[in-house]
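Now for the letters of each chain:
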Amino acid sequence: MRLLNDDPITLLVSRFLSPFIMLFGLYMIFHGHYSPGGGFQGGTMLAASFILMRLTSGITIAQLQFNSALAAPLGALGVLIYFGTGFAAMVFGGNFLDYKFLPLAGLTGAELRAMGILIIEVGVGLAVMAILTSIYDNLLGDPDDA
Amino acid sequence: MKWINFLLLAVFLALMLYAATGLSNRGDASAPMNREFSPAGTPNAANFYIHNAYKDAKTPNIVTVVLADYRGYDTLGEVAVIFTAGLICYLILCKPRKNNETP
Amino acid sequence: MLDFFLGHYAYWFILALLTIGLYGMIAKKNLVKKLVGMTILQSSIILFWVSSSSKWNATVPVIDPNIPDAVAANYINPLPHTLMLTAIVVGVATLGVAIALLIIIYRDYQTLDENVLIDRMK
Numbered sequence: 000m001r002l003l004n005d006d007p008i009t010l011l012v013s014r015f016l017s018p019f020i021m022l023f024g025l026y027m028i029f030h031g032h033y034s035p036g037g038g039f040q041g042g043t044m045l046a047a048s049f050i051l052m053r054l055t056s057g058i059t060i061a062q063l064q065f066n067s068a069l070a071a072p073l074g075a076l077g078v079l080i081y082f083g084t085g086f087a088a089m090v091f092g093g094n095f096l097d098y099k100f101l102p103l104a105g106l107t108g109a110e111l112r113a114m115g116i117l118i119i120e121v122g123v124g125l126a127v128m129a130i131l132t133s134i135y136d137n138l139l140g141d142p143d144d145a
Numbered sequence: 000m001k002w003i004n005f006l007l008l009a010v011f012l013a014l015m016l017y018a019a020t021g022l023s024n025r026g027d028a029s030a031p032m033n034r035e036f037s038p039a040g041t042p043n044a045a046n047f048y049i050h051n052a053y054k055d056a057k058t059p060n061i062v063t064v065v066l067a068d069y070r071g072y073d074t075l076g077e078v079a080v081i082f083t084a085g086l087i088c089y090l091i092l093c094k095p096r097k098n099n100e101t102p
Numbered sequence: 000m001l002d003f004f005l006g007h008y009a010y011w012f013i014l015a016l017l018t019i020g021l022y023g024m025i026a027k028k029n030l031v032k033k034l035v036g037m038t039i040l041q042s043s044i045i046l047f048w049v050s051s052s053s054k055w056n057a058t059v060p061v062i063d064p065n066i067p068d069a070v071a072a073n074y075i076n077p078l079p080h081t082l083m084l085t086a087i088v089v090g091v092a093t094l095g096v097a098i099a100l101l102i103i104i105y106r107d108y109q110t111l112d113e114n115v116l117i118d119r120m121k
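Just so you know, the protein sequences line up as chains A, B and C, in that order.
Per numbering that gives the first Met the number 0, the first sequence starts with residue 0, numbered consecutively.
Per numbering that gives the first Met the number 0, the second sequence starts with residue 0, numbered consecutively.
Per numbering that gives the first Met the number 0, the third sequence starts with residue 0, numbered consecutively.
Derived from the structure by calculation, the hints contain no laboratory data.
Some hints here could point you the wrong way.
What the hints assert, rightly or not - Stretches of chain B that chain A covers, calculated by requiring three or more beta carbons in the stretch to come under 8 Å of a beta carbon on chain A:
no.	region
1	58-68
2	79-88
Claimed, not checked - Over the 10 Å line for every Cβ pair with chain B, so calculated as not near, a few chain C residues:
no.	residue
3	D2
4	L34
5	D68
6	N76
7	V91
8	V96
9	L100
10	T110
Idealized CB from N, CA, C, for every residue including glycine.
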């Protein structure tokens, strides 16, 4: 795969844009309550910012931004957050994934359900981001050319 | 033999276009999926979600409430699906395989 | 007659897209072209579901304090959007696994053509 290491425009623009795409992805996850967005959409934008760096600068330099060995543990952590919320609701007296029984202090009723939705969206976003980056790394990421 | 392909696809397309004329108009607020009660007498799911989403979860975005609260079990299955797909891609592609040996 | 046409033309176009995707899957010999046909088929199904959820003079399913939610004709149907979010993610996962399988097939048999592949597998 021929790399674009000798093309200054692509390198500069991708390095400038990647943090802003990440910021927008984070904004989409946390504003899933008030505007169109949510876990899946924000996770895909975060993965897009990492894949942009892998496309333009090569896999070896992009490890400085997001290490490839981090992808599978983060994906498992995302699924664990989702499952752990449901399990915590079951432990504290309700059904599985019943957000009224979560042990968060100072919130009642409908606000507790909103906070449960937020925790779940964070877990989903983390899992989607890690797994999409790991699929790209496995399909295309052999470090035989710097 | 290529004309059999085209004939089959033309028949399929004609059948689907004829079936699509049986759907109700796009955007009709009195279509069977947009009514208050389903033909069996039970309350319709979409209207229930529109009426009760803000009261139950204090969240303006109805799609997020349906995805993460009313149908959260399906979203758990979906996260499991994408995690399994990522794991499959790693397990297929990162083991060294020779041409005539089975691992 | 005119409002029958206005109410159904979107469905006809989307079904034409579905047939194009099906043509790609059936009639092409290269495995990558079959995959592209599968992706077109999937996109047409998602478009069909999402376009069938619209209502006249209604707004997006995000509750606005000025528009009362006791009248269900003010907001479009949220259920197909939710189901199609799941469908999009499952489609991406299927595409990833399919391309991984194609890489392994090329590594073992050095071809991606369907007839040559069947000959080499014997």
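Results for each hint:
no., hint, result
1, 58-68, "holds (count 9)"
2, 79-88, "holds (count 7)"
3, D2, "violated, 7 Å"
4, L34, "holds, 15 Å"
5, D68, "violated, 6 Å"
6, N76, "violated, 5 Å"
7, V91, "violated, 8 Å"
8, V96, "violated, 5 Å"
9, L100, "violated, 7 Å"
10, T110, "holds, 14 Å"
In the structure shown, a violation is registered for the earlier hints numbered 3, 5, 6, 7, 8 and 9, in ascending order.
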